[in-house]
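If you read the protein sequences in the order shown, they are chains A and B. Residues in the first sequence are numbered consecutively from 1, following our numbering. Residues in the second sequence are numbered consecutively from 1, following our numbering.
Don't read these hints as lab results, they were simulated from the structure.
Selected chain B positions facing chain A (in silico; Cβ < 7 angstroms):
{"no.": "1", "residue": "Glu21"}
{"no.": "2", "residue": "Thr76"}
{"no.": "3", "residue": "Glu94"}
{"no.": "4", "residue": "His111"}
The C-beta atom is built at its ideal place from N, Cα and C for all residues, glycine as well.
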Amino acid sequence: MMESLLRAAWRYRGFVMSSIVNDFRGRLARSRFGAAWIVLQPIAQVLIFATILSGVLASRLQGVDNKYAYAVYLLSGILCWSLFVEIVQRCLTVFIDNGSLLKKMQFPRITLPLIVIGSALVNNLALLVVMLVLLPILGFYPTIEWVWLPLLILLTVALATGLGLLFGTLNVFARDIGQVMAVVLQFWFWVTPIVYPVNVLPSAFRSTLVINPVAPLVMAYHDVIVYGRSPGKELWLTAVVAAAMLLMSFFVFRRASAEMVDAL
Amino acid sequence: MSGDILVVDNIGKAYLEFFSELHRFARWFGVPVKPKAEHWVLRHAAFSLQAGEAVGVIGQNGAGKSTLLKLITGTTRPTEGSVWCRGRISALLELGLGFNPELSGSENVRHAAGLMGLQVDEIERLMPAIEAFAEIGEYFHQPIRTYSSGMQMRIAFSVATAVRPDVLIVDEALSVGDAYFVHKCFQRIREFREAGTTLLIVSHDAGAIQSLCDRAILLEAGRIILDSKPQEVFDYYNALIAEKENSKIRTERRDSYVATESGSLRAVFESLELLDGSGEPIEYIGVGAPVVLRARVRVNAHVPHLVFGYMLRDRLGQPVYGTNTQYTGQVVEGSDAGDVIEFTTHFDAALGPGSYSVSVALASTETHLVNNYQWKDLALVFTVVNADHPTFVGMAYLPSRIEVRRSLEQTGEP
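Isolated chain A (complex conformation):
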């Protein structure tokens, strides 16, 4: 079943690519700086975090002797979370948003989440590149651990796609799922060590991180970017969960697609 899905996606690769490009074109049309906004937004984000958190509030991160450590800690967490949340949120409504198209045109439905992933990846890579360029200026020099980044991005995409596709498919039939997920995602942000270091958590809470598959991912981003060390072993857990979610979501997606158009 995966095979025919992948074959259809491959046949429509040109369409997926051009849709991703069009997605940006449509969003950036009629703006003076055009494509530059893809990079300008993340640059602004990095600069704001660096000046406000490190310059004005003087937040410090334990264990790292750098004025900008907390800003970078926050940024690397957000690098992971923003990719995750963008894919999940857009996948949740991707079939509903394209309802009229799905009802009238015959094309592989799997292309829709692929377009979402592609455009989220472009956004995320822009932020990543900006960060990697600006990090040395903030005193964080490149380390060999950066080679982990592609794998971490891949894992984030896999986990987010599994979750987004699963609930996005179910959301077509039971629209409450989309509403509930919006709340769940907010809660999820705060139970993931993005704005706070893990060691500020009471030990009772720290053990609950095990059941949060995003936590090891975010911590791996921290390890690689802030602490310059290899990610911990818990990452395996995330990989297993991501693979399971992906398989599960593909299964449900295949089963649901016969009835999906009827519910749109």
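Chain A is fixed; fit chain B onto it per the hints.
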């Protein structure tokens, strides 16, 4: 058969309703859950199409036409049976879907062509032809938001027909803009057909089917009830509608317009029928055919003078012809509650092809402004079709005879 290009094999479509969506989800995992209800919108549909055939699909609203087409194009899957097709199916049902107003015409064309499954290099190869067919000049490279709706349709049609499909599904009522482009579109569709494309044409309008197709399929309440020559299907359809007319179902089905009624109801129309020469109810009338308009009127309270009037209007509501029993000197005097009066009007449908409506009125004088008892606009709607007369244009049928005389050239004799 070897010549078959599309085979619809006993397909049916049911919408399943569950007590809870959880039941539906559980079913995907193999849990044997019975749905609460099955709504069959199409059942036991079976037919096959040959290459180069033109087949019409007719039926009233809700007969299952669009479901059948969705199943054939593959946007929705049959609950039972299967559709087999050799080659590409294209549908011209709704144009311009998925267009992004901020993008230029050419970018939208690329997107739409990709959605049709064309590869990038193919699209680039077809681009000049698509641009040329649309004939919108410099606008092709401007954002679509600056287009008129007609220009958008031009682009949409050009890309939708950029590649000749093996089966083309066309909605006869599809609007593609100005008259010039409509002709251009139909010319392209004709060319496709000559090259072997099978046409499947959907319409409410039996007349259009008759002129375009060599076969027609009649759908009623989710079943194919007839698959035959257009003329035969057309007659059957007429009869079917007439039957509905009698059982008064049709009036409820008229959702596309609102019939206006007014009056004091001292006298009311009990029934109003349009009959053909043999007394059968009709909705489609041949040009020049004899027609009977029969109105049964019930009197509810004493009415000293009763005048019946009717008017035929064209599609735009312009009066075509009207008269009343005051003008004809047939005023009914002194009728009392409980009286039933029948007015039978005979006329010939000396009208041009098109859709017409009938307004009727009951009043005490020739204008319905004084003692208006009942006034009904759009009381009946009928369509005049030119089936057996030479083609003519206009609203009136004025049978004429043209004499053509060719004389020898004069040779100079006085």
